[in-house]
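Make the full structure from the sequences, and use the hints.
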Amino acid sequence: MTAGHTLFLILPLILTAGQSQAPATQSADSAGDSAPAEIPDFQTQILPLLTRSGCNAGACHGAAAGRGEFRLSLFAADPAADFQAITLERHSRRVHLTQPHLSLLFRKACGQLEHGGGQILDPAGPAAALLLNWIRSGAPPGTPRTPTALIVTPQNYSATTIPATAPLRIMAQFHDGSSADVTRFCRITSTDTSAITVSDSDSVTVLRPGLHHLIIRYLNQTTLFRALVPFSPSTVPQAGLQQSDSLIDRHINQTLQQLALHPAGPAAPEIWLRRLYLQLAGKLPPPELIQQLLASDSPALRHRLVDELLASEPFTDYWTLQLARLLQLHSLPNEPEAFHASSVWLRTAVAEDRPLDQLVRQLLLASGDSHTNGAAGFSRMTADARSHAALIGQACAGFSLGCANCHNHPLDRWTQDDFHGFAAVFAPLDRGRMVQFTGRGSVTNLRTGEPATPRIPGLRDLSPDGDHRSAVADWLTSGSPPPLARNITNRLWKHLFGRGLIEPVNDLSLTNPATHPELLTALAEELVSCHWSLRAILRRMVLSETWGRSSATLTGTDLISPPDPSQQNASALFLACRTSVAVPAEVLIDAIADVCDIPPDLSPQPVARAVQVLDPARPAGELDLPGRCRTFSGCTLNSADSELPLSAQLHLLNGPLINSRISAPASRLHRLLQHGRTDADIITTFTLLALSRQPRPAELASWKQQLDARTPDERRLQLEDFLWSLLNSQEFRRIP
Amino acid sequence: MSRNFAAPAVTHRLPSRRSSLQCGLATLSAFAGLPLTQAVAQPRPRVQPRSCILLWLDGGPSHLEMFDPKPDAPTEVRGPFDAIDTAVPGIRISSQLPRTAAITQNLAIIRSLTSPLGEHGLANTYVLTGYPPSAVLQYPSLPAVAAALRPRQPQQVLPQWVAIPDAGSAGAGFLSGAALPFATGGDPAQPDFKVRDLELFPAVDQPRMQRRLQYLEVWDRHRIRAADRQATAARQLQTALQMASSDAVKAAFDLQQESAEQRQAYGPRMFGQSCLLARRLIQHGVPFVTVNFTGWDTHENLVLQLRDGYSGAKQGVGLLPTFDHAFAALLTDLQQSGLLDHTLVVALGEFGRTPKLNVRGGRDHWPRVFSAVLAGAGVPGGQVIGSSDRTGESPLDQPITPRDLVATIYTLLGFDPDHVLTAPDGRPIPLTQQAQPIARLLPGTAGSVPR
Numbered sequence: 001m002t003a004g005h006t007l008f009l010i011l012p013l014i015l016t017a018g019q020s021q022a023p024a025t026q027s028a029d030s031a032g033d034s035a036p037a038e039i040p041d042f043q044t045q046i047l048p049l050l051t052r053s054g055c056n057a058g059a060c061h062g063a064a065a066g067r068g069e070f071r072l073s074l075f076a077a078d079p080a081a082d083f084q085a086i087t088l089e090r091h092s093r094r095v096h097l098t099q100p101h102l103s104l105l106f107r108k109a110c111g112q113l114e115h116g117g118g119q120i121l122d123p124a125g126p127a128a129a130l131l132l133n134w135i136r137s138g139a140p141p142g143t144p145r146t147p148t149a150l151i152v153t154p155q156n157y158s159a160t161t162i163p164a165t166a167p168l169r170i171m172a173q174f175h176d177g178s179s180a181d182v183t184r185f186c187r188i189t190s191t192d193t194s195a196i197t198v199s200d201s202d203s204v205t206v207l208r209p210g211l212h213h214l215i216i217r218y219l220n221q222t223t224l225f226r227a228l229v230p231f232s233p234s235t236v237p238q239a240g241l242q243q244s245d246s247l248i249d250r251h252i253n254q255t256l257q258q259l260a261l262h263p264a265g266p267a268a269p270e271i272w273l274r275r276l277y278l279q280l281a282g283k284l285p286p287p288e289l290i291q292q293l294l295a296s297d298s299p300a301l302r303h304r305l306v307d308e309l310l311a312s313e314p315f316t317d318y319w320t321l322q323l324a325r326l327l328q329l330h331s332l333p334n335e336p337e338a339f340h341a342s343s344v345w346l347r348t349a350v351a352e353d354r355p356l357d358q359l360v361r362q363l364l365l366a367s368g369d370s371h372t373n374g375a376a377g378f379s380r381m382t383a384d385a386r387s388h389a390a391l392i393g394q395a396c397a398g399f400s401l402g403c404a405n406c407h408n409h410p411l412d413r414w415t416q417d418d419f420h421g422f423a424a425v426f427a428p429l430d431r432g433r434m435v436q437f438t439g440r441g442s443v444t445n446l447r448t449g450e451p452a453t454p455r456i457p458g459l460r461d462l463s464p465d466g467d468h469r470s471a472v473a474d475w476l477t478s479g480s481p482p483p484l485a486r487n488i489t490n491r492l493w494k495h496l497f498g499r500g501l502i503e504p505v506n507d508l509s510l511t512n513p514a515t516h517p518e519l520l521t522a523l524a525e526e527l528v529s530c531h532w533s534l535r536a537i538l539r540r541m542v543l544s545e546t547w548g549r550s551s552a553t554l555t556g557t558d559l560i561s562p563p564d565p566s567q568q569n570a571s572a573l574f575l576a577c578r579t580s581v582a583v584p585a586e587v588l589i590d591a592i593a594d595v596c597d598i599p600p601d602l603s604p605q606p607v608a609r610a611v612q613v614l615d616p617a618r619p620a621g622e623l624d625l626p627g628r629c630r631t632f633s634g635c636t637l638n639s640a641d642s643e644l645p646l647s648a649q650l651h652l653l654n655g656p657l658i659n660s661r662i663s664a665p666a667s668r669l670h671r672l673l674q675h676g677r678t679d680a681d682i683i684t685t686f687t688l689l690a691l692s693r694q695p696r697p698a699e700l701a702s703w704k705q706q707l708d709a710r711t712p713d714e715r716r717l718q719l720e721d722f723l724w725s726l727l728n729s730q731e732f733r734r735i736p
Numbered sequence: 001m002s003r004n005f006a007a008p009a010v011t012h013r014l015p016s017r018r019s020s021l022q023c024g025l026a027t028l029s030a031f032a033g034l035p036l037t038q039a040v041a042q043p044r045p046r047v048q049p050r051s052c053i054l055l056w057l058d059g060g061p062s063h064l065e066m067f068d069p070k071p072d073a074p075t076e077v078r079g080p081f082d083a084i085d086t087a088v089p090g091i092r093i094s095s096q097l098p099r100t101a102a103i104t105q106n107l108a109i110i111r112s113l114t115s116p117l118g119e120h121g122l123a124n125t126y127v128l129t130g131y132p133p134s135a136v137l138q139y140p141s142l143p144a145v146a147a148a149l150r151p152r153q154p155q156q157v158l159p160q161w162v163a164i165p166d167a168g169s170a171g172a173g174f175l176s177g178a179a180l181p182f183a184t185g186g187d188p189a190q191p192d193f194k195v196r197d198l199e200l201f202p203a204v205d206q207p208r209m210q211r212r213l214q215y216l217e218v219w220d221r222h223r224i225r226a227a228d229r230q231a232t233a234a235r236q237l238q239t240a241l242q243m244a245s246s247d248a249v250k251a252a253f254d255l256q257q258e259s260a261e262q263r264q265a266y267g268p269r270m271f272g273q274s275c276l277l278a279r280r281l282i283q284h285g286v287p288f289v290t291v292n293f294t295g296w297d298t299h300e301n302l303v304l305q306l307r308d309g310y311s312g313a314k315q316g317v318g319l320l321p322t323f324d325h326a327f328a329a330l331l332t333d334l335q336q337s338g339l340l341d342h343t344l345v346v347a348l349g350e351f352g353r354t355p356k357l358n359v360r361g362g363r364d365h366w367p368r369v370f371s372a373v374l375a376g377a378g379v380p381g382g383q384v385i386g387s388s389d390r391t392g393e394s395p396l397d398q399p400i401t402p403r404d405l406v407a408t409i410y411t412l413l414g415f416d417p418d419h420v421l422t423a424p425d426g427r428p429i430p431l432t433q434q435a436q437p438i439a440r441l442l443p444g445t446a447g448s449v450p451r
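Top to bottom, those sequences are chains A and B. Note that our numbering gives residue 64 to position 64 of the first sequence, counting from 1, and the numbers run on in steps of one. Note that our numbering gives residue 34 to position 34 of the second sequence, counting from 1, and the numbers run on in steps of one.
Some clues are possibly wrong.
Unchecked claim - Sample of chain B residues lacking proximity to chain A, with all beta carbon distances greater than 10 angstroms (derived):
1) H222
2) G316
3) D333
To be verified - Here are the in silico distance ranges between beta carbons for each label pair:
4) H303/A / D166/B: 56 to 62 angstroms
5) D397/B / G111/A: 34 to 40 angstroms
6) Q214/B / H303/A: 31 to 37 angstroms
7) G285/B / L365/A: 54 to 60 angstroms
8) D247/B / E518/A: 57 to 63 angstroms
9) D397/B / T189/A: 57 to 63 angstroms
10) G68/A / D341/B: 34 to 40 angstroms
Said to hold, decoys possible - Derived list of chain B stretches under chain A, where covered just means 3 residues or more per stretch with a C-beta under 8 angstroms from a C-beta of chain A:
11) 190-201
12) 238-250
Keep in mind the hints are simulated off the structure, nothing from the lab. Where is the CB? At the ideal position from N, CA and C, for every residue including glycine.
Below, the structure written as structure tokens:
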């Protein structure tokens, strides 16, 4: 090693030794730190600059293997390692202390040397100047300071015309009490660049009406910027937004008012009832109730219908299925007893409306023989501690912790310590037939290579020994609102409204803005105050005006100008109107069976209805073809636009599922024919059964034309075809 | 670098096994010295969108009993079968694949695939998607991506991806239902083979079906104007109706329309007839066909499962003869029909098998090195890429990961491996990551490698 090399190595040490502290406050001047009076700080300025420029993203130097033999930690998670990589590696050629402009770091970033990432910095710009300044000052490490808060001004921005522009100012507060303007050091991303953008000079521009977000990140802090621009200058007619004392309606309508979106009117009573039955119980509403409602609709009647449905067996069946999927319940090979115990336990809990916090606590803490202790069996649904932790995080809290396996979660606040530490809580669990906490077992923290310290994610470390599962239960069920409440509420909202207040529902992260954050919080707190009752919170939701809205948006004549696609999207998103969703496969099978009055064949599963099939691991007869959810990792509840696979479509058209039922002698159609019912009678009966409504006069007229058979046999065939078309129609397959 | 392979093939007089191996190794080491980075720095050639037949050998086919035999290895490694010469001097494959040996000039054999994943589910995901399985995201498999990205032809009624008889482990991952395959079900070798539900239900004839469609119209006509979201479901139904009422579609799936000679050429078993169906579907314009050939997880009794098929068989009807018969027939057929240049054929499984035979006369899982075969779509034939060591335990030269292979297949089919898909949570997911297409498999790299 030459003397020159040695000098380069020692120089940073000499220079940094002379600087015992970085200035307490970094007040950034406006663009261009030409005066080196303030030495740029590595951790709070240089690293964020690199982050903002994308240098340490997963696609570039932040990749596990780095790029071009230069590796930085992902999004500056490890400042010490990054300092090492930048100042010491490669014989310190990356920073040239006496001639900073010769530094590799500078030259590559400015595109003066071949650089896979192209030109990142303008050599004459303020960012490059800052970098040079830092290098010129001896590339000091500075004093580590951790930000504790990030405040953006304005935080909630509204404008009435587009395009609208506003400057942003972002202040960071640090743990030592200092604060600084870090606007130009933040990484700001738009959730939708066609709607909202941010310029290089940190001013935001809103391009479209609606509610849009920017995600602002600085070191370990994240905050959101919200911009709201209404759709039309006129305000919403007051008649469209009744004053409601419903929590849900108040929040929804307030946002609609701010956005000047016009709400649809209430859905017709029979549509309301169909939606209610299909969403709460997975079955078609009985015709007699439809007729009762049509005869004398009233709030009291509707309340009664809701309460009766909530207390019914089909409700219990359907929600046992939903919870089983959430918890990834499935049978284990050769252990049918364990599955039986777990499914009976779950159904009992749902039947008695056991408070959800208790249910989750029981699941987490259960130990014993899984063949008799149903709650214990749920701990066996994953193979190891990490998967168990990931499942609990996802199912109970809606957190995608698994991303933090190999690196800190790039989009959320979870660190590797969080994930592996959480897994460490579940490591000493024996997942054999006897589920028990053995006190032995650990997971390796991939960051340190050492056994991970048990940890509540994002909160605190726990002692290395001991059973911490009750601490996990405490964490999930306390707070304002508790993570479990927020997650459950969001998932239930998705089930009932087609889309969660936060999407995706498995990613309740800091960088994932809710459409109605205050509503989500309020509803979660409502769940807690209703003693965590599933039925109570569902009742709240289905009795809201929002839930009962029609799916048709107002037509152009009712507005000043016809709605454009983005306004239609926003109407659906902010629930100015409802959106119809596809009937899930198991509900469809049961519905077809009910209409034809011939039960489904679900062998070898020992159940009578498709919604009672809880085990995705074993075949289920007729349920298997039409796009059944068979993955162990579960399907999201009622995905709004679940498309039937082509083979399922063909099966419904040509296969025996529908075809054998409509022509079987035992079928409802044939009974009606035997009883001598008229065509009109038959059409009405089946329309009521399958579509939950009366046939319209125009429809009856069309059918009268079509059903022109001259012999009884021909008539039978025609009516079978009528029924076939009904069961294959769009309307039958949708929840309105 | 790859362009230098245009040196004319040096023909060796039929050498002894030993000397040909040594010669091969010598040639190999000469090339092994060339910098790989230079090869992959070549710009990717522009390629027309091509069709693909993926023959999935489910369970982990033994590389030592197929395309990477080690006849000189100790007894406990070399296994029950011998190695034979092929139509390409210097390339030897298992003696149980004689028909394939006769057409080796069309094949590119990869012998140095390597993966760390030795469990079926994990390995299937890795090989079929190019991504190791992740708790965070279900990646879409190669056929699903191809089905989703490849534009539909104007009059196309056939699906983008047909799976015979089912898709096995190849899934659509986070892609929508549009990327799911159409699974034929059943066994094409059965005389009464019909694709499920393409035929009308018994007692429903064409006129009756017409009436039913008319009735369906009545319901649609009277529907209140509904949200556009329903358009997707309507399209699905339309596609299904089109398929069900299209004679062309029924014809495409109707093996009875093939001559008896043609059917015999592929061999009488399910895999053979499935390959025939695959060729038929490609001919009718289906862009991607997968054939799921199960049974390759031979932990026991290699002779029985791989050669004989049943004990006491005089003529082997096990996995290898079945594969051999069908694979050779498929390639010959594609070539004679003029389809081979536009159709990529890939045969592979999720891993190889243990070099040392186990106590039950079988081999267990071994992902550290395994083989794959490609043909068609301009892939230079008659070559071997990479190699394994003396006992077939590890890659000796040019280790290739499943990522690289998947990237290569995307390139060959006309897709850019860096093309970015968007996952439902907004994450950008490139088709492959940290992968390099294998230059010697791309068209334009002329000639075969003399060995």
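Hints, verified against the model:
| no. | hint | result |
| --- | --- | --- |
| 1 | H222 | violated (5 angstroms) |
| 2 | G316 | holds (33 angstroms) |
| 3 | D333 | holds (27 angstroms) |
| 4 | H303/A / D166/B: 56 to 62 angstroms | violated (49 angstroms) |
| 5 | D397/B / G111/A: 34 to 40 angstroms | holds (38 angstroms) |
| 6 | Q214/B / H303/A: 31 to 37 angstroms | violated (43 angstroms) |
| 7 | G285/B / L365/A: 54 to 60 angstroms | holds (59 angstroms) |
| 8 | D247/B / E518/A: 57 to 63 angstroms | holds (59 angstroms) |
| 9 | D397/B / T189/A: 57 to 63 angstroms | violated (44 angstroms) |
| 10 | G68/A / D341/B: 34 to 40 angstroms | holds (39 angstroms) |
| 11 | 190-201 | holds (count 6) |
| 12 | 238-250 | holds (count 5) |
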